[in-house]
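Novice: Fit chain B to the supplied structure of chain A, relying on the hints for placement.
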Amino acid sequence: MTLENNPEILKVENLKAYYQMNYFGVSREVRAVDDITVTMRKNEVYGIAGESSSGKTSFIKVLAAAIRPPLRVVSGTAKYSFSSGAIDVAHATPDEVEAVRWKHLSYIMQGSMSVLNPVRRIGKTFHDFAARPLGLKGKAFEDRVVAHLDRLKLPPDVLRAYPHELSGGMRQRVTIGLATVCHPEFIIADEPTTALDVVVQKEVLNLIRDIQKEMGASVVFVTHDMSVHANVADRVGIIYAGRLVEEGPTREMFFAPKHPYTAHLVASLPRIGDTQQRPALEGRPPNLADPPQGCRFHPRCPLAIDICRKEVPPLETIGPDHRTACWRWRDVAPLVHATQPAGVMA
Amino acid sequence: MTTLLDVRDVSKRFTMGGLFGRKQVDAVMDASFSLSAEKPEIFTIIGESGSGKTTLARMILGLEDPSRGEILFRGQKVDRHAGRAKRLEFMSNVQPVFQNPFEAFNPLKKIERYLESTARRFLHTSDKAAIDRAMDEALQKVGLSLREVRGRFPHEMSGGQLQRCAIARALIPNPPLLVADEPVSMVDASLRMSIVNLLKSLRDDLGVSVIYITHDLATAYYISNRLIIMQRGRIVEMGDARTVLDNPEHAYSRLLKASVLSTDDAGAGKLGTDPDMLRLANGSVGQAGRLIDRADGRSVRVYESV
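Chains as they are written, first to last, in this note's numbering: chain A, 1 to 346; chain B, 1 to 306.
To be clear, the hints were calculated from the coordinates, so they are not data collected in a lab. These figures come from a predicted structure and were not determined experimentally. Keep in mind that the hints are not guaranteed to be accurate.
[Said to hold, decoys possible] Result set (DSSO-like, lysine-lysine): computed pairs, CA atoms no more than 30 Å apart in a straight line:
| id | chain 1 | residue 1 | chain 2 | residue 2 |
| --- | --- | --- | --- | --- |
| 1 | A | K61 | A | K103 |
| 2 | B | K257 | A | K153 |
| 3 | A | K137 | A | K213 |
| 4 | A | K103 | A | K124 |
| 5 | B | K141 | B | K39 |
| 6 | A | K153 | A | K11 |
| 7 | A | K153 | B | K23 |
| 8 | B | K110 | B | K128 |
| 9 | B | K110 | B | K141 |
| 10 | A | K153 | A | K139 |
| 11 | B | K257 | A | K213 |
| 12 | B | K39 | A | K124 |
[Unchecked claim] Covered stretches of chain A (in silico footprint by chain B; criterion: 3 or more residues with CB under 8 Å from a CB of chain B, positions within the stretch not fixed):
| id | segment |
| --- | --- |
| 13 | 114–128 |
| 14 | 198–207 |
[Stated by the list, open to error] Derived DEER-like restraints, expressed as beta-carbon distance ranges:
| id | chain 1 | residue 1 | chain 2 | residue 2 | range |
| --- | --- | --- | --- | --- | --- |
| 15 | B | Q76 | A | R309 | 51 to 59 Å |
| 16 | A | G283 | B | D276 | 43 to 51 Å |
| 17 | B | A82 | A | R151 | 51 to 59 Å |
| 18 | A | S81 | B | N282 | 40 to 48 Å |
| 19 | B | N174 | A | E316 | 28 to 36 Å |
| 20 | B | K23 | A | D128 | 27 to 35 Å |
| 21 | B | A288 | A | D210 | 34 to 42 Å |
| 22 | B | V285 | A | E98 | 41 to 49 Å |
No residue lacks a Cβ here, since even glycine has one placed at the ideal position from N, Cα and C.
Looking at chain A on its own, in the form it has when it is part of the complex (with noise of 0.2 Å):
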């Protein structure tokens, strides 16, 4: 399946968000987005990977254009080309904001236990939700939610229950139906499906796709999971220290990864019927107040050199779709994957 030829709907240019504080005289700044370029493309799942205090939520925030103090862009663009016109998010009014919230831009929120407001049942939070951007009222407006949780396989009764009397699957089917009631041509889904267990999971992610599909929208997918990615993804983005390290189209960053990182990610996965030994990544993510010299993965890196220390890499184009940001990436071996098929080319 090819999407190149889509055309753009979010284009991310040079994209810097610091978390800029000024307590007593000190100030501190966290360069939690340092300078992201990115495209996405109508009807395009794209996946976003990264540990925990990466800067991928940051950079979440941003696209959401939930940019809220201490958080400031700092230079930059995030610009959307909705049917309705385009918008820059990152510079966007509030009011601006408002027009396409929902209706274009939508997010599925992690954690459905905290997202859902556990003393009001489910159809008032669709109400609370939904009511103004779809302009629907009373037996309307009722009519389309069932109509939209019957494609979610839920049945009507959940307008009726409380959050905590549904199971977690049921409830993260909610917010993905929050968040997609409104047909978005664009949705934000951070960690769907970190809390589920597997069978819970994959239905869900079948879900999110079949969604996907059906409305023709595009999904940026965040995940530490790359398993997850695997199986959900178009393309996916490594985000490492608030930079994106690679990006490519979901089969070559598994089979063919050409950054020492993606391939450590890649490779530390465990899998049923082998019990080889899998390395751990050694070392600890960077402090983003205080990010190392050159590349930012180098103190970890088993192929740092000395231009690694000393220099940051440019994010070089190095395939179709498929870019890289590593001094050294032609001699990133594919660490794993003795079953790796044929014709996947290196």
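Specialist: Same frame as chain A, now just chain B:
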């Protein structure tokens, strides 16, 4: 063979609701297994949420009374009401590691305080040097040192490091048994392997037995010796980890294995679950059946009607 832990036909029934509309929920039904004292092993309990695996762990830790059956640790009954001295002795032998390290530590207190109070209690000493030594030894076992940890608050550590501190705390009294309830599910994928490798080395190098509770079949396959698979409170399959996971027999075990996201065909977008498999797996819910031993050493629950 002396047994370290013996779980005998343990059941737990919770009552939900008030005076009216009272409901009985069987969280665990007739679970039995035992761990040997001679050979340390990683014993894995697998199941989805609500399968009773955490309840079982809480009963082993003596935080919950079984409704029926009993749990013996070194021949002594695990009893929540045994009295302070006995409880302390038991606790120095069986230690827990919890799911979310960020919740296990008090964010307002330094990490060392938590380690310190454990050391003081179980070593029965208030000698600073002895406590420091015990803390350092435990931290060394998990690949950290007191120098790195001293003076730091939980938010200054990564999730993986913090989880290692939690394991270090559990190791202070040198327990022969650890009960780890989903120790990696809240930890980043890149740090997950460091925790899993750590549990492995605890078994291999220090001879600590671990009861590892998880829903992640891949790490279970990677480290465990034996495992049980639980569905709605019942053990449906039990046996050697490799034998069971290579070729699961019970419908539910097969469903679990099929649900593990594989990276073998990354990018292909294969996500469908075989509906027949789901139907078969759900068909056995609520049926008693009985565990039958197979030739390859595993036990599988079979049902008369199927």
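Novice: Indicate whether the distance between the beta carbons of B/A82 and A/R151 respects the range 51 to 59 Å.
Specialist: Cβ of B/A82 to Cβ of A/R151: about 55 Å, so the range 51 to 59 Å holds.
Novice: Would you check chain B against the segment 198–207 of chain A, counting CB to CB pairs closer than 8 Å, and say if three or more residues qualify?
Specialist: This one holds; 8 residues, not fewer than the three required, reach chain B with a Cβ under 8 Å.
Novice: Please work out if B/K257 and A/K153 have their alpha carbons no farther apart than 30 Å.
Specialist: Holds, because 24 Å separates the two Cα atoms, which is no more than 30 Å.
Novice: With the threshold set at 30 Å, check whether the alpha-carbon distance from A/K61 to A/K103 stays at or below it.
Specialist: holds, 18 Å
Novice: If I claimed the Cβ atoms of B/K23 and A/D128 lie 27 to 35 Å apart, would that claim hold in this structure?
Specialist: holds, 31 Å
Novice: Between B/K257 and A/K213, does the CA-CA distance stay at or below 30 Å?
Specialist: Holds, at about 27 Å.
Novice: Can you confirm whether the C-alpha distance between A/K153 and B/K23 stays at or below 30 Å?
Specialist: holds, 27 Å
Novice: Could you see if the CB distance from B/Q76 to A/R309 stays within 51 to 59 Å?
Specialist: At 58 Å between Cβs, range holds.
Novice: For the pair supplied as a hint, B/K110 and B/K141, is the alpha-carbon distance within the 30 Å limit?
Specialist: holds, 20 Å
Novice: Are the Cα positions of A/K153 and A/K139 separated by 30 Å at most?
Specialist: OK: A/K153 and A/K139 at ~21 Å, within 30 Å.
Novice: Does the Cβ-Cβ separation between A/S81 and B/N282 fall within 40 to 48 Å?
Specialist: holds, 45 Å
Novice: CA of A/K103 to CA of A/K124, is that 30 Å or under?
Specialist: holds, 19 Å
In summary, the numbered hints that this structure violates are 6, 12, 13 and 19.
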